[in-house]
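A.B. asks: Please build the complete structure, drawing on both the sequences and the hints.
Each protein sequence line maps, in turn, to chains A and B.
Just so it is clear: in the first sequence, position 234 is 322 by this note's numbering, and no numbers are missing.
Just so it is clear: in the second sequence, position 188 is 189 by this note's numbering, and no numbers are missing.
Just so you know, the hints here were simulated from the structure itself, not pulled from any lab data.
A portion of the hints provided could be inaccurate.
[As the list claims (entries may be wrong)] Straight-line Cα separation of at most 20 Å, EDC-like style, residue types lysine to aspartate or glutamate; simulated pairs:
1. Lys184/A with Asp93/A
2. Lys107/B with Asp288/A
3. Lys243/B with Asp233/B
4. Lys107/B with Asp229/A
5. Lys107/B with Glu75/B
6. Lys243/B with Asp200/B
7. Lys125/A with Glu75/B
8. Lys125/A with Glu108/B
9. Lys125/A with Asp288/A
10. Lys107/B with Glu123/B
11. Lys169/A with Glu97/A
12. Lys107/B with Asp78/B
13. Lys136/B with Glu126/B
14. Lys107/B with Asp94/B
15. Lys136/B with Glu100/B
16. Lys107/B with Asp126/A
17. Lys107/B with Glu122/B
18. Lys107/B with Asp221/A
[What the hints assert, rightly or not] Some chain B residues close to chain A (C-beta under 7 Å, calculated; not the full set):
19. Ala74
20. Thr77
21. Arg81
Beta carbons: idealized from backbone N, C-alpha and C, even for Gly.
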Amino acid sequence: MEPMDFHVEAVGRRGINMVTRSGGMALLAGRFVATLKDIPRSMHLIVGQFYSIGVRSLPLIIVISVFVGAVSAWQAAYQFKFIGAPLRLLGSAVGKAVVIELAPVLSALVFAGRVGAGIAAELGTMRVTEQIDALESLGIDPVRYLVLPRMLACTVMVPMLVVFANFIAVIGALAVSIFGVDISSETFLNGYRMSFQLSDFLNGMIKAGVFGFLIGLVGCYEGMTTIGGAEGVGRSTTIAVVISSVLILIFNFFFAVLLFRI
Amino acid sequence: MPLIEVEQLSKRFGQHTVLDGISLSIERGESVVIIGQSGTGKSVVLKHLIRLLEPDDGRVIFDGCDLAEIGHAELTDVRRRIAMVFQSAALLDSLTVGENVGLGLKETRRMSSSEIAPIVEECLELVGLADAADKMPSELSGGMRKRVGLARAIANRPEVVLYDEPTTGLDPVTAETINELIVSLNERVNATSVAVTHDMHSAFMIAHRIIMLHRGMIVFDGTPQEIQASGDPIVRQFIEGKAVGPLTTQV
Numbered sequence: 089m090e091p092m093d094f095h096v097e098a099v100g101r102r103g104i105n106m107v108t109r110s111g112g113m114a115l116l117a118g119r120f121v122a123t124l125k126d127i128p129r130s131m132h133l134i135v136g137q138f139y140s141i142g143v144r145s146l147p148l149i150i151v152i153s154v155f156v157g158a159v160s161a162w163q164a165a166y167q168f169k170f171i172g173a174p175l176r177l178l179g180s181a182v183g184k185a186v187v188i189e190l191a192p193v194l195s196a197l198v199f200a201g202r203v204g205a206g207i208a209a210e211l212g213t214m215r216v217t218e219q220i221d222a223l224e225s226l227g228i229d230p231v232r233y234l235v236l237p238r239m240l241a242c243t244v245m246v247p248m249l250v251v252f253a254n255f256i257a258v259i260g261a262l263a264v265s266i267f268g269v270d271i272s273s274e275t276f277l278n279g280y281r282m283s284f285q286l287s288d289f290l291n292g293m294i295k296a297g298v299f300g301f302l303i304g305l306v307g308c309y310e311g312m313t314t315i316g317g318a319e320g321v322g323r324s325t326t327i328a329v330v331i332s333s334v335l336i337l338i339f340n341f342f343f344a345v346l347l348f349r350i
Numbered sequence: 002m003p004l005i006e007v008e009q010l011s012k013r014f015g016q017h018t019v020l021d022g023i024s025l026s027i028e029r030g031e032s033v034v035i036i037g038q039s040g041t042g043k044s045v046v047l048k049h050l051i052r053l054l055e056p057d058d059g060r061v062i063f064d065g066c067d068l069a070e071i072g073h074a075e076l077t078d079v080r081r082r083i084a085m086v087f088q089s090a091a092l093l094d095s096l097t098v099g100e101n102v103g104l105g106l107k108e109t110r111r112m113s114s115s116e117i118a119p120i121v122e123e124c125l126e127l128v129g130l131a132d133a134a135d136k137m138p139s140e141l142s143g144g145m146r147k148r149v150g151l152a153r154a155i156a157n158r159p160e161v162v163l164y165d166e167p168t169t170g171l172d173p174v175t176a177e178t179i180n181e182l183i184v185s186l187n188e189r190v191n192a193t194s195v196a197v198t199h200d201m202h203s204a205f206m207i208a209h210r211i212i213m214l215h216r217g218m219i220v221f222d223g224t225p226q227e228i229q230a231s232g233d234p235i236v237r238q239f240i241e242g243k244a245v246g247p248l249t250t251q252v
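C.D. replies: See below:
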């Protein structure tokens, strides 16, 4: 085979893989929607996932949010000093950045690393050890039993976590403003209140819900389609984190254009 | 009418043809054993019977309905009538042994815990693991996991049980218990059984009929007495377990 043919074939194969993966994810999303009617009978499974996916992510979200808030206050103060802007506007700038972008996007990226990878690894292991075949052989739909609780938990819990992330990040920013930048808490909070708009907060929640849905969908799809033992599980886990992180950033841009009109 | 009919079933994985147009039929209450070397597609046949795999060509018909043409709800009904015992047991490792055994009853038949408990107890007692209900699968040996897999399969009271290597990796005593269990299930509730095995002692003990696969095709289909009298060199080498012969020279 000529080197050129080899490259063309490799590009073609990647293209086919991408179309197959997109189609597979669209079908899985459709099957997830179709199983929403089974929520009442799957409540015992859903509650378990809400706890393990959502509640157990809270400590991590708290830690990253404190530092996200702290660094944004510090960097904003640095920029303000550079351009000579008044520091009483620090709360406005930091508050806007946290609510609109930093809390939803960074929480979703960390969530993709923790939960998206976990879902892909768990379902991937179940796939290669025939546990998913066993469920099917018992007449249990794996989409209802495994995918529905996980995707639902991701879609609902990411916005819930972002509420905490918003709150904790402001506390981190406030601490840096008081102890590092030397402005009073009243000044910081007045600035924050001045710029706060409920629509920004709600748009951030909508974004977070979509990011959660994407993380759940990609993690479940990669896990359910795993082939080839331990190596396959590792590959699915990596791909799940990479694809969901890239999708979060791409969707975030389109949300900015659609929801936050200039 | 046979309970299970396989017509011209072919399956390829990539460039490799695993099954090359095999046809067989299984009557209600019959106990069929499929033998053959590793990699000849025995487990692949089994997975087609419950549509865990879909044919590239050919059809699998269960009780008059083509498995490829039925919808999700009908497939669930068919799967409630057929149980499978997996080679690796395939127990859900996040559930206890008791929860694994009662899983089908809880999730598909929607029975209450009080209705499930005596059935789980009875099934675990049948496989000699009455005390293991609260253990996690990771606490069990390979043989015990396999027996739990069998208990889970029979808990649903299936009409057909598919066994993938039911005695492989078990000590001779446990293997004999499993063989006796398969025979008694077959006789007691007239359950149809299809087993895939390398273990010729097990095959002769449980089979009404033995089918041998070689290179994706059926090379023998007959009773245990007929296979023992067979003069086919491939069949003879396999059942006598000889290292030299057409099976090894054709590789």
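A.B. asks: Run the structure past the numbered hints and jot down the numbers of the failing ones, going up.
C.D. replies: Of the numbered hints, 1, 2, 9, 11 and 19 do not hold.
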